[in-house]
Amino acid sequence: MSETIFIVDDDPAVSHALECVGEFMNVPVRSFASADDFLMSVPLEATGCLILDLMLEGRSGLDLLRELRQRTSTLPVIVVSGHATVSIAVEAMQLNAITVLEKPFRLNDLMQKIEFAFRVDQSEREVRQEREAARSRIGQLTTREREVLVLVAKGFSNKQIAAHLGLSLRAIEDRRARLMRRLDSKSVADALMLLQRANMQPSDLVSC
Amino acid sequence: MAITWNRDRRLLAVALALGIFLVDVVTPLGVASAVPYATVILLTLSRPQPRFTVAMAALCYVLTILDLFVSVGPGSTEYWKVLVNRGLALFAITVTSTLGIQRNRAAEESRKHLEVLARTQRAQTVEHLAMAIAHELNQPLAACSLQAELALALMPASMETGGTSQRLRPLLENVVEQSQRASSILRSLRELVQNGRGERSTVAPNELVKSALRWFEPSARPHRIRLELELAQQLPSVVGDRVQLEQVLLNLLQNACDAFLSSNAVERTITLRTAVSMGGVRISVSDSGPGVSPEIEDKLFDRFYTTKPDGMGIGLAMSRSIVEAHGGRIWLEHATAPSGATFTIELPPEAPELS
Ligand SMILES: Nc1ncnc2c1ncn2[C@@H]1O[C@H](COP(=O)(O)OP(=O)(O)OP(=O)(O)O)[C@@H](O)[C@H]1O
Ligand SMILES: [Mg+2]
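As they're listed, the protein sequences go chains U and F.
In terms of our numbering, the first sequence opens at residue 1 and continues consecutively.
In terms of our numbering, the second sequence opens at residue 209 and continues consecutively.
Among these hints, one or two may not hold up.
[Said to hold, decoys possible] Rough simulated footprint, nothing fancy, chain F against chain U, three-plus residues with beta-carbon under 8 Å:
{"id": "1", "segment": "10-19"}
{"id": "2", "segment": "97-105"}
[What the hints assert, rightly or not] List time: in silico SDA-like cross-link candidates among lysine to any residue, alpha-carbon distance up to 25 Å:
{"id": "3", "chain 1": "U", "residue 1": "Lys-113", "chain 2": "F", "residue 2": "Leu-325"}
{"id": "4", "chain 1": "F", "residue 1": "Lys-418", "chain 2": "F", "residue 2": "Glu-399"}
{"id": "5", "chain 1": "U", "residue 1": "Lys-159", "chain 2": "U", "residue 2": "Leu-169"}
{"id": "6", "chain 1": "F", "residue 1": "Lys-418", "chain 2": "F", "residue 2": "Asn-293"}
{"id": "7", "chain 1": "U", "residue 1": "Lys-113", "chain 2": "F", "residue 2": "Leu-358"}
{"id": "8", "chain 1": "U", "residue 1": "Lys-113", "chain 2": "F", "residue 2": "Cys-352"}
Calculated directly from the structure, the hints in this document are not laboratory data.
We put the beta carbon where it would ideally sit given N, CA and C, even for glycine.
Start from the sequences and build out the full structure, keeping to the hints where you can.
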């Protein structure tokens, strides 16, 4: 997926200058004059970054940022503003903005922030992909295998697990081997790592 | 002109007092000098300072008592009658001068308050304009500086001295530098006007409404506007700058008044309501004027938006920035009655005291 610089600024001159920056960086650019335009035409899973002006007519930049976070978008946002008050800057940062740049900003600052935003977006996406992959692997386990995995994660030995579930040691060993294969893990540590990447606790396993 | 007029009045007052005394002396028994002396006091009250009034009251006192000895001697049969008359005269002089001085003092205070109000209104308008201009100018400056920097970045780094690009470079650098400088001037301008802004005190919403009405009443009276109050009891207080908040209400009242005048409305009623709400306290100003047409509803709060030939379009924009600086909101309510506009302000309640 290609990274795009999204611009939401109601001043055409600033918008145009920002488009030129994108062109200069060789990155596709899409610009919008209002928060609503942006929300209507850009999908949540868009990649790249958003350069957002705070003082928009109609819905303010901060409103848009809030709305995006509410819709669980992780798109990195660079906030630009004619004059940001401290409280607005604080709120923007709490909403996970990359930075707040005061107009008129310098080209180098802006480009650095854009590149940084791309890196943040990239790693965010990698984390998300890993999580999806880990979840789908864990999703393949049967209920019984999950039961065993929970107990393994809690640090019980095969013997203890056999006693706990009232099964033979042999059966547990089989099940454990099968589940490790399905998880593509060589060791218990690997399996635990997978759980962590899926952002799941052992207790989540039983319920899903 | 004014000075001679004042001096003339003073002379007139003194002459009148002496005249009354003379008449008193020549007429037998000198019946009641109370009323004429009160007139002398009233004459002095055109001066806002109480000094001259007090002096004249003292003179009238002395003359009244003096007359007592001149017109009738003690022992005369009418003596007690005259004594009572003189007592009444002294009483009238005292009451007229104290009431008059008090009234003058109240008038002076109200004039001072109006002056303060007018001054803050002016200061706020200037502040608002400065902020608006700073914001408006920052946009083209941002575009300008960015484009010049881009041009610099795109310029081939030609080594030959005296090449065109080497001569362009300092020019472009200057464009960047000067746009940055212009914007830093704007920033310090903004800081200057923002300095010392916003007193913070506890304000009772109902008091706020009443005091705004007090200032508005005199300008509403000639236009036969009826002012109605619907105040909720036991409202939480709000925190903020009393004068600024009062200014917001005055802006809304003035707009309602303008709406009546421009539409030649027959029914002219403005209703001020206060109420408790989820977000704190609501104060609304409703008028029975022509209302706001839906097409312009979105623009009302924009700076410089006006439909009046002599309007600045600053009133509502400024009101909004004041209310928002207080953590509140202001909006136009959709008209419920057949016509008329309702503007509502919502302010957060004062945070409960942390013990
Ligand atoms: N109560 C009202 N009824 C009808 N129209 C209103 C009312 N209040 C405001 N408006 C409309 O909103 C516009 C903007 O009001 P605002 O107070 O901001 O500016 P203004 O009154 O035109 O000028 P200024 O207040 O700066 O002298 C007005 O020109 C008017 O068209
Ligand atoms: Mg107005």
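Quiz item: Which of the numbered hints are not met once you compare them with the structure shown?
Solution: 3, 4, 6
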